[in-house]
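Since each chain comes alone in its own frame, lean on the hints to assemble the complex.
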Amino acid sequence: MIRDITLGQFYPADSVIHKLDPRVKLAGTMVFIVSLFAFRAPEAYVVATLALAAVIRLSKVPLKFMLKGLKSILMILMITVVFNLFLIPGTPVLRIWKLTITQEGIETAVFMAIRLVYLIVGSSVMTLTTTPNSLTDGLEKALRPLKKIHVPVHEISMIMSIALRFIPILLEETDKIMKAQMARGADFDSGNIIQKAKNMVPLLVPLFISAFRRANDLAMAMEARGYHGGEGRTKMKPLIYAKRDKLAYLSMLCYLVVMFLASRSGLVERLLGL
Amino acid sequence: MSIKIEHLNYVYSEGTAFERHALRDVNLELPDGQFIGVIGHTGSGKSTLIQHLNGLLRGTSGAVYYNGRNIYEEGYPMRELRSKVGLVFQYPEHQLFEVDVFTDVCFGPKNLGLSPEEVERRAYEALRQVGLKEKHYKKSPFELSGGQKRRVAIAGILAMEPEVLVLDEPTAGLDPRGRDDILDQVAKLHAERHITVILVSHSMEDIARYVERIIVMNKGEVRYDGAPREVFQHYQELEQIGLAAPQVTYLMHDLAGQGWPVDTDATTVEEAADSIYAALAKKC
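Those sequence lines, one after another, are chains A and B.
In terms of the numbering used here, the first sequence opens at residue 1 and continues consecutively.
In terms of the numbering used here, the second sequence opens at residue 275 and continues consecutively.
Derived from the structure by calculation, the hints contain no laboratory data.
We put the beta carbon where it would ideally sit given N, CA and C, even for glycine.
Errors might be hidden in some of the hints.
To be verified - Taking lysine to any residue pairs in the SDA-like style, the calculated list, with each CA pair at most 25 Å apart, reads:
no., chain 1, residue 1, chain 2, residue 2
1, B, Lys358, A, Ser190
2, B, Lys409, B, Asp449
3, A, Lys176, B, Glu435
Claimed, not checked - Here are a few chain A residues that sit away from chain B, every Cβ distance over 10 Å (derived from the structure):
no., residue
4, Phe86
5, Val153
6, Arg184
If we strip away everything but chain B, and leave its shape as in the complex, we get (with noise of 0.2 Å):
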């Protein structure tokens, strides 16, 4: 079970004044469990990339296949596939509409056509997991803060139960602290239900503590495409498409570059807290 992309090509407003290639011949393999950060400027085409995973773009060339059934040939469940690959938009609190948080994450199960006691035991699952206390359940949307409303949207999809959840920018707009929430919570998920997870994001910082592959968009093209440590050795490149690498990356390259033997992979502030640890045991 996994996702495969094949040669997909997507032009926005094709044939008007305002074409533009979105996509170009991606080739990517999805397998299942992986938490994989996807990551790219602005307009890179992160975001269309992943709308093509459910469906909810179709391919202008190439194909999608969803355990190995090409999903734009004819008659293809797409409601299906939808439920199968949940995809939690940017800013997703934006499509809360229900009178109450409740109501509104029982939505997701409910267009799935389950019976009323197996939606309400989704949706409790749902909360559950994304941390909300049980007290915010009958309050209207509208009255919760922008985390918890983030948190009430990530949960409509969860209690779908999808086996790949699709994330796009989930912490745009948090606080630090609202942020790292949201993404331990993303990785417990990970962690408990063993569903494939699709990080999107435009900062190393967030991705790199976290997913065990990368991949890097530029211009609709993927750039890079392999573990953290493989992505980062190409850090003064990243720079060039406008990222960058975790600070980290740079301080162990000046601190090699000053001639200490300190490894460069190292990714997180505690592998690099440990290279350094050990640089200064040899030394001294």
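Only chain A is shown next, with the shape it has when bound in the complex (with noise of 0.2 Å):
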């Protein structure tokens, strides 16, 4: 049923990548992102992999839940994995039929694909441990400094947490007026697509109404709590970095050092000869 989708994929948990401001975990992704493309070395892939996995471990979400993200984009991977095996050219390794499978394609298609798995699987960890809501407070902070040139950055973050909470709210609506109506013997599957795009009717017209009526009532609340804008407005949880958040800035730094030094040491390659 409906209610299984979970949105914004937050898993609740006590831990410290939970508890970090989600501005930290936002400069986190994009340093981790960064450097995946940044370095080519191999050491870097282990330095990459050591610091997921200890970043995922402290986390304590899951890894199942981690690796659900993957599913979306398990097509995406087969197509970049598949071009860049047969299209690169090179030294030559394997011949099927018209085909050429060169080392040089088998390395880029490898690299390509723990890029890819790495990059979603980063930023799950961050969707898993963040509310939505903490995670457009964390873009409003971290954005701040773009109003100076009138960009409304208040209203946008307000417009994406109002539409964050309101879809699990809508998807349970939906739920429910299609229940009521399939007790009135309403039928959503079968048909033709004309035939069922007409049985939607009964159920888009009260969600609409339902939309509607929610936005209103919302509206009004907002108003009658003083609500007026962002000028001027103090936040219940102002965001404050923490001993913990400076920490972790610390050791994103430490990350990038380590990640540049394996990178150039050639580690793996005196391994491999020996």
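Quick look at the structure:
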């Protein structure tokens, strides 16, 4: 049923990663992704793997949830691997009919696959450990300098958090109305496309009405509490960097340094050379 | 003809961090023609339970029999079941969508594939039974008051002429008068059509006056099941699970505690009054 779709896919747990400031997690994800693409040496991937494993371990989120996000990119992953495998020129290794697999092709395919997988898993760490609301809070604060050039940062983040908040509500509402109409003999599954579209009317009309009603109620409630936009508005839980956040920034820096040194060391080559 | 529930379990979002056991080993028999009240605190599983009666939810384990046939059987005619077990959801007015009241009520019977004449006959009959005035029939459902909208929505289910009528909190959000109107209407329906009526509520006061049997749900389990007077004897335990017996129960127990020979099993104000008169007559 619709209820099973977890949006924003936040996984509640009591961990250091969960408690970090959302800005730190945003920056961390960014650093991680950039580092994946900036360094090509195999040693760098060893470091990235260790770092990712450590963060996942710290987050206390089961690995199963981390890997769930991979399902959606499986197709892209396959296409990338196949194209890289066959289309990169270099020293041939294997020949199947007219297609040649080269050593360079294999290397690139493997690296690309690792990059993509880490990219998804890395950003899953962020979305799984941060509630959508604190994420938009973090974004608002991180983007605050843009206000100087008249970007309505507060309004954008308010719209985002309201939209995020409404998604589960509307999903639940859809589920409820669907059931109510099914109880009246409505059928949402059979028939051709036109028939199906027609069958959606009993679902969509009440859904729209309820969405407008909720939006109206919310606007009223916000005004009743004196909401007047971002100017001079304070927060109940202002984002302030704690010690652990500073430590996190420090570990990011360490990570980059280690990454840099490792990719220069040529350790893997020497090991393989032995 | 009856509904029978055997060892029914239902788990929401199984296998995720949000897993919740909504029903635990529920066993019930709901014979024909009974007027049953299902009562429980918010989240006790009462709404989940009734959605199993017409197959909208499928139990994680266990079985539901309608007229002796397991509804989880391969190829069971679900749509037919849904027309036989009419389910009126909470805030049913939120499901209205047609241009006018009458067409909206026709939606259910039309889905049953009846002839246009039969559809109209049933819609008229249903609207008459919920007591909506004829001048409203051609109005848009959104022009009506809350109580009227709810009647239209209930008529939408009645028009399918179900054998079992299930109402989930039919009085939620109505004023006292609207509440009494709807409940009286339902009681009349039960008397007129001789159908099984299952009334879900969290207010004992509402239920005590009408039903002949009360099922108390708590944390997904059936806690008590019996005639109102039997169930209300457990008024102290009921309080522990966030429910209360009708006010007269408390009054009668207090009076009995002070030595008045009153009937502590009285469940309605009328019964209580009679019993108090009798006690007074004895004492004087």
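Hints, verified against the model:
1. Lys358/B <-> Ser190/A: holds, 21 Å
2. Lys409/B <-> Asp449/B: Roughly 23 Å separates the two Cα atoms, so the pair holds.
3. Lys176/A <-> Glu435/B: holds, 22 Å
4. Phe86: About 39 Å separates Phe86/A from the closest Cβ of chain B, which puts it past 10 Å; holds.
5. Val153: Answer for Val153/A: holds, closest chain B Cβ roughly 32 Å.
6. Arg184: Answer for Arg184/A: violated, closest chain B Cβ roughly 4 Å.
Taken one by one, the earlier hints fail for this structure only at number 6.
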